[in-house]
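Construct all of the structure, not just a fragment, from the sequences and the given hints.
Protein sequence lines, in the order shown, are assigned to chains A, B, C and D.
Residue numbers for the first sequence follow the numbering used here, so the first one is 1 and each next one is one higher.
Residue numbers for the second sequence follow the numbering used here, so the first one is 305 and each next one is one higher.
Residue numbers for the third sequence follow the numbering used here, so the first one is 602 and each next one is one higher.
Residue numbers for the fourth sequence follow the numbering used here, so the first one is 958 and each next one is one higher.
Keep in mind the hints are simulated off the structure, nothing from the lab.
Some hints could be false.
[Said to hold, decoys possible] Covered by chain A, per the in silico footprint, the following chain B stretches (three or more residues, Cβ under 8 angstroms): (1) 468-474; (2) 480-491.
[To be verified] Chain D is nowhere near these chain C residues, computed Cβ spacing over 10 angstroms in every case: (3) L624; (4) H793; (5) L827; (6) L837; (7) G841; (8) A842; (9) A843; (10) A845; (11) G886.
[As the list claims (entries may be wrong)] Pair by pair, the computed Cβ-Cβ distance ranges are: (12) P130(A) - N459(B): 46 to 52 angstroms; (13) R825(C) - R1375(D): 51 to 57 angstroms; (14) D461(B) - P130(A): 34 to 40 angstroms.
Predicted, not measured: the structure shown is a model, and the values here were computed from it.
Note that beta-carbon positions come from the ideal geometry of N, C-alpha and C, so glycine has one too.
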Amino acid sequence: MSFELLAVFLASTIRLAIPLLFAATGELVSERAGVVNMSVEGMMLAGAFGGAVGAAMTGSPWLGLVFAVLTVLPIALLQSVLTNSLRANQIVTGIGINILVLGMTTLGYRALFGARSREVIPGFDAVPVPGLAQLPVLGPVFTQIWLVWLAFLVAAAVGWMLSRTGLGIVLRGIGDDPEAVAKSGAPVGALRHGAVLFTGVMSALGGAFLSIGDIHTFTEGMTNGAGYLAIVAVIFGNWSLWRTVLACLLFGAATALQFQLPALGIVVPNALLIMLPYLLAFLAVAGLVGRQTAPRALAQPFWK
Amino acid sequence: QDPLTVGILIPGSKSDKGWMESGFDGLTAAQAKYGDQIVVQMIENISNADMEQALTQLASQNALVIGVGGQTQADVLKVAPRFPDVKFSIVGGNAGVEVANVAGYDVKQAEIAFVAGAAAAMLSETGAVSYVGGLEIPSIVNAGTEFGNGARYINPDIKYFESYTGDFDDVAKSKEATLAAIAQGADIHYHILNLGLRGMEQAAKESGTHIIGSYSNYCGTDPLYLAYSITGVGYQVQYAIDEAVAGTWVAGYKPFGLAMGADASDMIVCDPTPEMTEKLTEIMEDIKSGKITVLEG
Amino acid sequence: MNISMSSPSATLARIGPPLLAVLAALTVGLIVIVGMGAALDKALLAFWRGAFGNGYAISASLNRAVSLALVGIGFVIANRAALTNVGGEGQIAMGGIAATALCLFPPIAGLPLGLAFVVPLLGAALAGGAWGGIAGVLRTRSGTNEVIATLLLSFIATWLLYWCVQSEALLRQPMTSSATLPESLPIPEATHVPLLTGSYSSPVTLGLPITIALAAVAALVLARSLFGFRLSAVGLNPVGAARAGINVGGHIVSALFIAGAFGGLAGGLMLQGEQFSLKAGFSSGYGFDGLVVGLLARNSITGVLAGALLFGFMRSGGIAMEMGAGVPSALVSILQGLIVVLIAGVAYFQDRRSVR
Amino acid sequence: MATLSAMKEASVAPPPGRDQPVPRLTMSGVGKVFGAFTALANIDIAFHAGEVHCLLGENGAGKSTLCNIIYGLHSPSSGAMVCDGVSYAPANPKAALASGVAMVHQHFSLIPELSVLDNLLMGQRFGRLDRRGEAARIVTLAETYGLSLDPHALVADLSVGQRQRVEIVKCLMHNPKILILDEPTAVLLPDEITALLEICRRVADSGSAVVMVTHKLAEIEAIADRVTVLHRGIVAARSDRPAADMDGLVRAMIQRPDATGDDPAGLAQLSTRRHRPSGKAADEVAQLDGISLRDELGIARLQDVTLSIARGEIVGIAGVEGNGQTELGNMLAGLLHASDGRWFVEGQDLSKASPRQITEAGVGIVPEDRHRVGAVDRLSLADNIFLNRMPQYSRFGIIDRRRQVAAASTLAQQFDVRAAGMGVRFGSLSGGNQQKAVLARELTTPNLRFLLAAQPTRGLDVGAVKAVYSLIRDAADTGVGVLLISSELDELLAVADRIVVLYRGQIVGECTTDASNREQIGIWMSGKHT
Ligand SMILES: Nc1ncnc2c1ncn2[C@@H]1O[C@H](COP(=O)(O)OP(=O)(O)OP(=O)(O)O)[C@@H](O)[C@H]1O
Ligand SMILES: Nc1ncnc2c1ncn2[C@@H]1O[C@H](COP(=O)(O)OP(=O)(O)OP(=O)(O)O)[C@@H](O)[C@H]1O
Ligand SMILES: [Mg+2]
Ligand SMILES: [Mg+2]
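Written out as structure tokens, the structure is:
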């Protein structure tokens, strides 16, 4: 692999990993608090859609981003009320929301963009990081849209929050034993709601990254399983933040390899590369790679 | 006289900037041409398991049913015998269609890909060109191969990169595939993609490279595009309707390609030099005459 | 499960909420149709015609309902042991792969007495069952959450299928011309699941009676059999069940195996009854829709059948509505999603009493 | 128990306000209704500054419910509370903590996955934590009460006693005016109990009110300034001089509806047995041979337990709870396997047998945990009566409901299980009827030769207790060997033929059921023989 190619590969890995990273960071917080959001896929799609609509309507990707979050919040709220207030089955409601959002965005896209599909949607542009982007080989890696750096920043902040703050302790406690935390006086229900809403915001950013960050367009069902992959990254990351970040990067690399390997003349079935993340995660939960320790109360409703 | 009833099945999204949209454009053109002489029913975005039912419903209410894309072929062949009075046209159909009421129109994308390759080689400033295909299936792979052959026909030393994203509609992957080629010097990109094209556009825009479009005319409207090939998907839709309205519709396999004229298959460079035009015309003639042989597809 | 739950008012309490949810969702559907500016009467007429207009429409809906019902029945059976099988999509895919491989294995097509289509169907069920069973084994061996395992296995199977149709070494048809799509060879006629009517104008396959029979068996097994009783015990209290001499691990594996086998059979029927060649995207989301049907049914097999019919006909109607009235069939997704969300939500009011 | 009694005298200064009590918290007319069930009715009670106030009462009397109301976990259905002169109605534990009420729960509320420090800081503040500073502060606080703890240890790695210390420190961090401890000693070793009581005294001496729930009279004697006895949700007795009033308190606590005299349950009748086991070796039904068992953390729960039970003999296992009884019961039920040693019934080695094989060998099991092990609450009574014997009522895999319900109904009658019908949920039966149903199943185990009954009368009223023991004794009279595990020494003395005492997983003593052995048994149980 030549150095240029390596740099492109790294840059590509990062770009493909960022939507996952946003969503997985959000989902990690929620799962540490004991709530699985299968709806990450739907929330990302809604974020991509909201971002595109907002940017197209206002002409500003910044407002698009705001729009993305505003679009997803009601969906996250729905998920949260269903799982945390009504204690509905988390898996099933998540899948239901995904079906719902796919239908709504498809319909909405046709209603709003149908006639003018060629219009370019305003989006964020890549900006070189002063200094770093001039590096000889790795330069291209540091020419990215700012959302990329935000993703890493938020991930770091979440890592700090989980390990170093009182909020982090309580969230982790809720994921293991919500009853015990409730006895300590912390508002378990409110915190679980908050965790799901946070997942919503992060998924919105991940989705918006796809539509108005990486590519300035929206296509029907454009997340194409990225939300599920984010959940898989959390599982493969063994519910630890830095491992989840690594998992996202690894999954990004597996996808990026699909375009690097042909250039190197290496033949690996595409299907295998696409399957790789799921396969790795499966081997991990099967106990064949290390020991998995999911939060004890994961996916269990909390009855006060 | 009763209007002709036309049912059209577009398996993907009719606004995909690619094959499907091109087919839809053909339909729109025919509607403009015939006004209320034709009545159209359309359905898009159909999954594999629902295709047969959609075709059956179209066939039961229309005199002419058009399937836009080879992926409809298997189901058309299944449905057609049940509706002997309905005419079926498959846009992007292939040899081997031998049902009495089915016509298969072969788009011959490889031919024009060869010409596109030649154009790309002439337009390239870096001596490197690239191609991104969706599914890694023969017709798409053959088009890629011929694009490379065409480029080498002009410049034997040209660097050529091709890759396949496994999905005509995946924008992120086609962007990354294009960026990988750009990193190795490619400055002109050709493609057989649908929605995925938007990813390629984004990559080209970010890197200041250019695209040869493969379905629609972008000359003058989008500086990213230096040229485009006419693949004739829309033309075939129109062709099917024309023939049916005129009462001259016939079943069977029909190759389109360069031999059917400029509406079916052509290569347009937006700002050509006279030499370019001359060379491209020469190549197209040579393909028609068999002096240059290209792969099927 | 609860013997005392059979009075008319109890029955109403059971089916009332799902019914209301469906009605509410349909109302939203009407509002959307009007909101999109389509003519309501035209849209409804198209919907009606598409769903019930002719023998073909009905048959296609029934065939689709068969696939959904099978996945749904499997879901309910696993759910009896308190297991959530979300891997229907992958189990369908594995069934499709196995059925294709067997149908294309020359000696099979030559089998007499209908075995030519029965053997691949059994193979499909077995393959789907194995795929579900893996999750069961993991659950008993290392306590792996079956939701996570079946979901991951589902993705793996989906891409395995993609691989199978992409690689000539596997199931892809030989690439004789540029026309060869990435799909398997068409399966031989002898391996097709026979049509009940004998005519492709109303192509209901033998899958329908098979499914009805299996549904009856499943209902009987769940309500009256020793096995069903043990599944309940395992689901309600694994420790108590173990003390009572019930092989808890064995029942968990069996429950997920059976759920998978139903999914696999659905895959076999989809391949041998309708599609006839294996393609990427073969399962078409029926695994998730079937899971939803299973959920809607709230553990009743009759409910599964009702839900499967509802979804089966709804999609047919949706396709027709798009053609006839220009209302995108994505509306059907919206309705399905709404129904799931509403039903999962109202479940709270039904379950509140029975928890703790 | 000597240490416990000594401690009371050691408490130097009389609690402040002993003469003019300063009420920290008063409850008046407090009641709590769960659905149709009245857990507490019209409770009037005051907790004073400087006192250790014990709540006494049998299982289900409503003690925990009372504590939970004070701590804001339940809201009372009726009545009012006043805390330090102001009306007090905490909406949740946070509000209770803010008013100076802290509680150590009957079931620990620590999260084993987290460190001691994280558990202690849980829910206190959401912002950034100064871990080092907090740790130092906590160690200092703990030391002022004579407690030592390692703030960085993982709770999962701590012993039960250490965990409880963490719970207490967690309360002390709030500097509580009222400290509630719900059965804090149930799981402690004797030394740990002594230490705990000392802490309670210190907290009280600092001016707080300590409310402690317990079943253990020795503890009351040692520590209580005042006692309130709850019985079935009402105050049954109070005392300001508990040590002197002990007999009356006990009577109030265990009064059964048909209570008479010193033997309220009338168990004495049961001890006159028609057949006494011969005690010959040839008559052995079951043997435990050098059984040792470690839990998943590798901690020894049973050590070299060797025991044999003869035909018709009832062997009682006495011991403070948590000394290996649960593990012994689960092992005999086939839910755990011994790490060492073997056990036999009629010579058949069952050490590695599955629950089903154990049942087939003629072993009946009445488990300690009825809801988790003995039954499936959400199945019907009929299903639970035949939980392990459904094949008898099925043909070709299909259950013959009519035959099953008929048979269940016969058995229910025979064992006096009272229920609205065979189809009612097992979980909706009262405790006594649930237990009789389990006995009906286990005592009719085909070819029954050995019966394990673990805590068979827990939570039962007197009528039910008597019925259960009659059933067990009748079984023994037909030649079944019985191993009876109970924490009720009186019941063991009345029903068993022989008593062995389990202490820290080991058999530390064995004697007959002669009443004169009671003191010796107490010494063995307390581990003071060493
Ligand atoms: N949330 C609840 N819902 C219904 N009934 C309850 C609830 N909590 C307690 N009860 C019932 O209230 C009664 C009193 O329970 P409580 O836990 O206060 O007893 P306790 O005196 O603490 O007994 P133990 O010594 O076993 O701890 C019991 O019959 C119990 O079953
Ligand atoms: N945790 C609980 N949740 C709901 N209901 C409960 C709970 N605990 C007890 N009950 C109900 O309260 C009633 C009394 O229960 P309990 O077990 O205390 O019976 P009991 O009066 O002690 O009977 P018995 O004398 O047979 O032991 C039962 O009918 C039961 O349905
Ligand atoms: Mg209690
Ligand atoms: Mg009771």
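Checklist entry - Once the closest CB in chain D is found, is it more than 10 angstroms from L827(C)? => result violated (5 angstroms)
Checklist entry - Should the hint that D461(B) and P130(A) are 34 to 40 angstroms apart at their CB atoms be regarded as holding? => result holds (38 angstroms)
Next on the checklist: Verify the CB-CB distance for P130(A) and N459(B) against the hinted window 46 to 52 angstroms.
Outcome noted: violated (39 angstroms)
Checklist entry - Residue count check for the region 468-474 of chain B against chain A: does it reach three with CB-CB under 8 angstroms? => result Result for this restraint: holds, n = 6.
Item to check | Least C-beta distance from G841(C) to chain D larger than 10 angstroms | outcome: violated (5 angstroms)
Checklist entry - Is it true that R825(C) and R1375(D) lie within 51 to 57 angstroms of each other by Cβ? => result Since the Cβ atoms of R825(C) and R1375(D) sit about 28 angstroms apart, the hinted range of 51 to 57 angstroms is violated.
Item to check | Non-interface label on A845(C), tested against every C-beta of chain D at 10 angstroms | outcome: Answer for A845(C): violated, closest chain D Cβ roughly 4 angstroms.
Item to check | Within 8 angstroms of chain A (C-beta), three or more residues of the region 480-491 of chain B | outcome: Our answer is that it holds, as 7 residues pass the Cβ test (under 8 angstroms) against chain A, meeting three.
Next on the checklist: Minimum C-beta separation from L837(C) to chain D exceeding 10 angstroms: can you confirm that?
Outcome noted: Non-interface label on L837(C) violated, nearest chain D Cβ at 5 angstroms vs cutoff 10 angstroms.
Checklist entry - Taking the closest pair, is the beta carbon of G886(C) still more than 10 angstroms from chain D? => result holds (34 angstroms)
Item to check | Minimum Cβ-Cβ distance from L624(C) to chain D exceeds 10 angstroms | outcome: For L624(C), whose nearest Cβ neighbour in chain D is about 31 angstroms away, the distance exceeds 10 angstroms, so it holds.
Item to check | Reported absence of A842(C) from the contact zone with chain D (all CB gaps over 10 angstroms) | outcome: violated (7 angstroms)
Figure legend: structure checked against the earlier numbered hints; hints not met, in rising order: 5, 6, 7, 8, 9, 10, 12 and 13.
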